[in-house]
Amino acid sequence: MKFGIFYEISVPRPWGRETEKTVYDNCLEQVALADSLGFDSVWAVEHHFLEEYSHCPAPELFLTACAMRTKKMRVGHGIVVCVPEFNHPIKIAERTAVLDILSGGRLEVGTGRSATWTELGGFRANPDETKKTWDEFVHCLPKMWTQERFSYQGRSWSMPTRTIVPKPYQKPHPPMWVAVTSPGTEIDAAERGMGSLGLTFGGFAEQEEKVKRYRKIIRNCDPVGEFINESVSTVNFLYCHEDDAEGVKVGKRLTGVFNYLAAQLLAAREAYPTKSYPSLGLLPSLRRDAAGPGDESGAPEGIAMGNPARITRELKKWEAVGVDRVNFLLNALETVPQEKVLESLRLFAKEVMPHFQGSTDTAAVAAGGR
Amino acid sequence: MPPRFGTLNTNAWSEWVSTIDGYKTEELTLKGANILELHIEIDDDPADALIPKTMHPAIPAYAIFNVVSYPDSPWGAFAVAELRVAGRTGVRPRGFVLASICNNEDAGKALASRWGYPIKQGEVKLELRHDRIVGRASLEGRPVLECELLDRDAISGGDIQYIASMHLARNKGDGKLVVVQVDPEFTFSKGERGKSRVALLDTDAFHCGSSLRLANPISASFAVADVSLPKIRYICNPDVPAMQGTTKVAA
Numbered sequence: 001m002k003f004g005i006f007y008e009i010s011v012p013r014p015w016g017r018e019t020e021k022t023v024y025d026n027c028l029e030q031v032a033l034a035d036s037l038g039f040d041s042v043w044a045v046e047h048h049f050l051e052e053y054s055h056c057p058a059p060e061l062f063l064t065a066c067a068m069r070t071k072k073m074r075v076g077h078g079i080v081v082c083v084p085e086f087n088h089p090i091k092i093a094e095r096t097a098v099l100d101i102l103s104g105g106r107l108e109v110g111t112g113r114s115a116t117w118t119e120l121g122g123f124r125a126n127p128d129e130t131k132k133t134w135d136e137f138v139h140c141l142p143k144m145w146t147q148e149r150f151s152y153q154g155r156s157w158s159m160p161t162r163t164i165v166p167k168p169y170q171k172p173h174p175p176m177w178v179a180v181t182s183p184g185t186e187i188d189a190a191e192r193g194m195g196s197l198g199l200t201f202g203g204f205a206e207q208e209e210k211v212k213r214y215r216k217i218i219r220n221c222d223p224v225g226e227f228i229n230e231s232v233s234t235v236n237f238l239y240c241h242e243d244d245a246e247g248v249k250v251g252k253r254l255t256g257v258f259n260y261l262a263a264q265l266l267a268a269r270e271a272y273p274t275k276s277y278p279s280l281g282l283l284p285s286l287r288r289d290a291a292g293p294g295d296e297s298g299a300p301e302g303i304a305m306g307n308p309a310r311i312t313r314e315l316k317k318w319e320a321v322g323v324d325r326v327n328f329l330l331n332a333l334e335t336v337p338q339e340k341v342l343e344s345l346r347l348f349a350k351e352v353m354p355h356f357q358g359s360t361d362t363a364a365v366a367a368g369g370r
Numbered sequence: 371m372p373p374r375f376g377t378l379n380t381n382a383w384s385e386w387v388s389t390i391d392g393y394k395t396e397e398l399t400l401k402g403a404n405i406l407e408l409h410i411e412i413d414d415d416p417a418d419a420l421i422p423k424t425m426h427p428a429i430p431a432y433a434i435f436n437v438v439s440y441p442d443s444p445w446g447a448f449a450v451a452e453l454r455v456a457g458r459t460g461v462r463p464r465g466f467v468l469a470s471i472c473n474n475e476d477a478g479k480a481l482a483s484r485w486g487y488p489i490k491q492g493e494v495k496l497e498l499r500h501d502r503i504v505g506r507a508s509l510e511g512r513p514v515l516e517c518e519l520l521d522r523d524a525i526s527g528g529d530i531q532y533i534a535s536m537h538l539a540r541n542k543g544d545g546k547l548v549v550v551q552v553d554p555e556f557t558f559s560k561g562e563r564g565k566s567r568v569a570l571l572d573t574d575a576f577h578c579g580s581s582l583r584l585a586n587p588i589s590a591s592f593a594v595a596d597v598s599l600p601k602i603r604y605i606c607n608p609d610v611p612a613m614q615g616t617t618k619v620a621a
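Order-wise, the sequence lines are chains A and B. Position 192 of the first sequence, counting from 1, maps to 192 under this note's numbering, and the rest follow consecutively. Count along the second sequence starting at 1, add 370, and that's the number in this note's numbering.
Hints are computed from structural coordinates only; laboratory data are not their basis. Because the structure is a prediction, the values reported are computed rather than measured. Be careful, since some hints might not be right.
[Claimed, not checked] To give a feel for the contact side, a few chain A residues facing chain B, derived at Cβ under 10 Å:
1. 51
2. 53
3. 118
4. 121
5. 122
6. 263
7. 269
8. 270
9. 271
10. 272
11. 276
12. 277
[What the hints assert, rightly or not] In silico contact screen, one side only, chain B against chain A (beta carbon under 8 Å); selected entries:
13. 411
14. 426
15. 428
16. 432
17. 436
18. 458
All C-beta atoms in this analysis are idealised placements derived from N, C-alpha and C, irrespective of residue type, glycine included.
In isolation and in its complexed conformation, chain B is listed as follows (with noise of 0.2 Å):
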């Protein structure tokens, strides 16, 4: 199929991967989050090393940030920052995880073990004023990340959509490299749009280096929901494309 595939060396990577534990994850519905999502377009051609073989690039590239607090789990309340590369995997889109960034350590190890996070312990801070939404993470008192939904205007949930998360894990049982889909359902009970905007980012933290160049905000969404984190349907192999390489693990 002629579209463009993406570059990244996944041995490589596979220093910064999580190991999952097995397929048989079951649901879990967390209430009440609040999401801040940022899309800002990114130059391609780097860009096409920071997502597997498995994953076209986006048309154009582009990153997705996301700051998400959850306010009650099983372990407790947790925020998370990440930062994605958007694709396609076939005709899905999906954006590939580069890190996770997670405040609660039992929180952060149960979505590393159990949907294959690439979890780091960090600080995540999420805020609302009036005039922005300023998401923030740090590790070891160190920051890297800050960006913010400017201008802050009300839409209805239902224009917002949430594109499923791609995660280079290590299966614990045979020890391969697989890339785990995870695709959470989102029940929204409030939306806003504004502009983007990205203040600090260390690419570093996030294993991009000078791969990932911001280049044109897009968009940025905050929402409240409930978000149903599912189970494990689909992995793929990262280093074939996705037509060919993806495996079925529940129904």
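This is chain A alone, in the form it adopts within the complex (with noise of 0.2 Å):
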């Protein structure tokens, strides 16, 4: 199993002249410690207008000064938002092409179609055409990755034949990735050969048929790309303290605070009745799941919060169940200081990741490292 970080940069009011710089300043520090731990990769979403939740409208500029400042962790999109009123697919191809060039080829593309009206409003996208349009996108990035020369007529978008330039470093392209919300999008992302890349906490018992579902349909699948990427990524809140009680304590809070806020967002289904949206997105589950009763010390089954014995224990469980990967998100609203979160990610390398074949190689060395 290997393990990531997640970014949604979540910024409190009130939104002073340095505020946003301290939080992302703080991201980026987490993200060169992680990366110096043997932490797998950082993910960043594409968010819009979603005051306080989410201050991350541009993951290629996060996602580059990671690449910067990191040396192994991997820079993945999750997700850029695949409908055309958001961004245009040539300059999809373009960006990412960019960001898997100035990162060595360290880039993943997970790809959606957001889930909130305050954002598909914004932009005034039709939420009835969200998801066939991310699937034209899905279908035409890796060609307009790989073939010198590209023309499109479809549905939502053409173009006559141009040179997209450059191309990504990595051959025959990066790995792409579907971001799974809402029920049956694992089967999406299998039928094309993506992986799974899941946003939602989603229990034990839930999850195990998610991945089973996804591994047995992607056997056949009609892969977008010129390889199959199959692998299945969940994510997960993280806060590793010697005292357990004080780990569950502060997890809790991270969890409650990022979970309030997540609530506050219109989800496209509450503002708008369509089949395109079956379910509220994440914002459900997320309640539903890290917000769970939990066993004696108030600890939701499955989330990461509490000493590394009981993170350790939970992890183990999410392996069982199939998946490769875990993301973690590691603060909302600066709601844990910067310095514990900071202790929080040594914690887990050094007493936690040893005990996941896959981690990673250098995790024992690297947790004595800053």
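Could you use the hints to bring the two separately framed chains together as a complex?
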């Protein structure tokens, strides 16, 4: 199992001149440390207008900064919005290629379609169309990355023959993923040979079913790219502390703040009745699973909070249901002081990572690092 | 908690509220209701003054227009038109009701005294045409609302989500102002969606004056559903955030 870190970049009010910069600086410091500790990847969302919850509208810039500060970590779009009102597909192909070059071939491309009216309405995008445009985009991107000349006449966009340059550093192209929040999207991922980038916390039973379904379908997939990216990742919170009670207490505060913020957003389905969004997106499952009843300590099942032993135990369960990678949210609204976040990362690398084969070959060394 | 809060002056607003006769209301199911609902974005900043401090504004702010016709009830057929401003109580989506206009005096009294609806007596009509569905309301013969669903398109009732209402009311027992949460259950038998259009809105009739400025139409829906008006389970102190000021009054 591999471990990554995942950024929404939430910024508390009041938004003074330095607030945004401090939060971004803190994230970059965490990324640099995580790289030295052997974390596998850093992911950043693309969100717009989601005040306080996420101030990350330009993930390609943040990820470029991450790539410049790291040596080994892969940098991942988690996700780039494949809706033409948000991003033109040519620009996606070009930007991702440049980022792949600048990072020395460390890019992962997560794709998705946005789940809030706050964003869709802001760009005047039609919620009925987003699944369709996403599908067009993910079929085009690998060709735009690999064919010297490309033209396209499609439903939501078209272009005459042009040479899209540059091409990605990775050959044939970077791995592709799909954000999985709505039920059944893991099937979309499998049928297209793409990785399943889980963005809900989901219970073990639900996740196990999804993983089984995904792995069964991907065997007979028709890949959109030139290779199959059979991978299942999920997202989690992380707060690791020597003292279990303290770890759970701070972890619960972190999840509570994050879930409270997430609940303030206007889900697409809430404002605009449509079968295109069969669930409310990530928000209800975030609340259900990360604020669940938990055990006697109060720690919700499956969430990486508490001491190293507890976190190891919970992550072993994720491993057992077939998850390949867990990406951690480290903070929300700067609820956890920066030094505590860094300590949590160090402790996790030193005490938890060594229990997982493939998590890193440098964890033991790096844990004593910065 | 950092998110913004509503800034409604509840004492000034209390002029418009109903008196609720305690919180022992029994559930009531109304069969075959015809429900028109419009969602329209409104200007954020002034709209904060249209929800109490117990709520957070929605992001973005939006108004909900409802015109509902009930073909049968203990008080006979009746219809209600109301205007709500969407928000959150804690983590739950809710709509704060600015005013409800009811065309049946007995039904209006029951809705006010049992669930705290801020009722005004008036005329309400829901008109189903092939190209649109039109909801109208008037007070003393003066039109105050005309709203429409245009370009009717069938969808599943399961795709429609209604949010619960919050009614500012005065409790008869102790005379205190409370926000009463009313979260009906819906059993859908038909659903439609279309574009929303407000042809006429007298904001003074809904006590919001220039604080409510319509901006960006989102959607309109129409449904036929059985509506179960619930027992009252939660009330809130209007001037305290819901996380601190919510009281459970029934299981």
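key: residue 277(A) as chain B interface residue, shortest Cβ-Cβ below 10 Å   = holds (8 Å)
Interface restraint verdict for residue 426(B) against chain A (beta-carbon cut-off 8 Å) = holds (6 Å)
Chain B contact restraint on residue 53(A) - CB to CB distance below 10 Å = Result: holds, 9 Å to nearest chain B Cβ.
key: Satisfaction of the residue 122(A) interface hint, Cβ to chain B closer than 10 Å   = holds (8 Å)
query = Taking 10 Å as the limit, does the beta-carbon of residue 121(A) come near enough to a beta-carbon in chain B?
reply = This hint holds: residue 121(A) lies near chain B, its Cβ roughly 6 Å from the closest one there, short of 10 Å.
ask   = If you take the shortest Cβ to Cβ gap from residue 436(B) to chain A, is it below 8 Å?
value = Violated - the Cβ of residue 436(B) stays beyond 8 Å from chain A, reaching only about 14 Å at its closest.
ask   = Regarding the hint that residue 272(A) lies at the interface with chain B, is the smallest CB-CB distance below 10 Å?
value = Hint on residue 272(A): holds, closest Cβ of chain B at ~5 Å, below 10 Å.
inquiry  = Take the shortest C-beta to C-beta distance between residue 263(A) and chain B; is it under 10 Å?
reply    = With a minimum Cβ separation of about 3 Å from chain B (threshold 10 Å), the hint on residue 263(A) holds.
ask   = Holds or violated: residue 432(B) as interface residue toward chain A, Cβ cutoff 8 Å?
value = Cβ of residue 432(B) sits 7 Å from chain A, so the hint holds.
ask   = Close enough to count: is the Cβ of residue 276(A) nearer than 10 Å to one in chain B?
value = holds (9 Å)
ask   = Is the hint on residue 428(B) kept, meaning its closest Cβ partner in chain A is under 8 Å away?
value = Result: holds, 6 Å to nearest chain A Cβ.
ask   = Can residue 411(B) be said to touch chain A, with a Cβ gap under 8 Å?
value = Where the cut-off is 8 Å and the nearest Cβ of chain A is about 7 Å from residue 411(B), the hint holds.
In this structure, only the earlier hint numbered 17 is contradicted, and the remaining ones agree with it.
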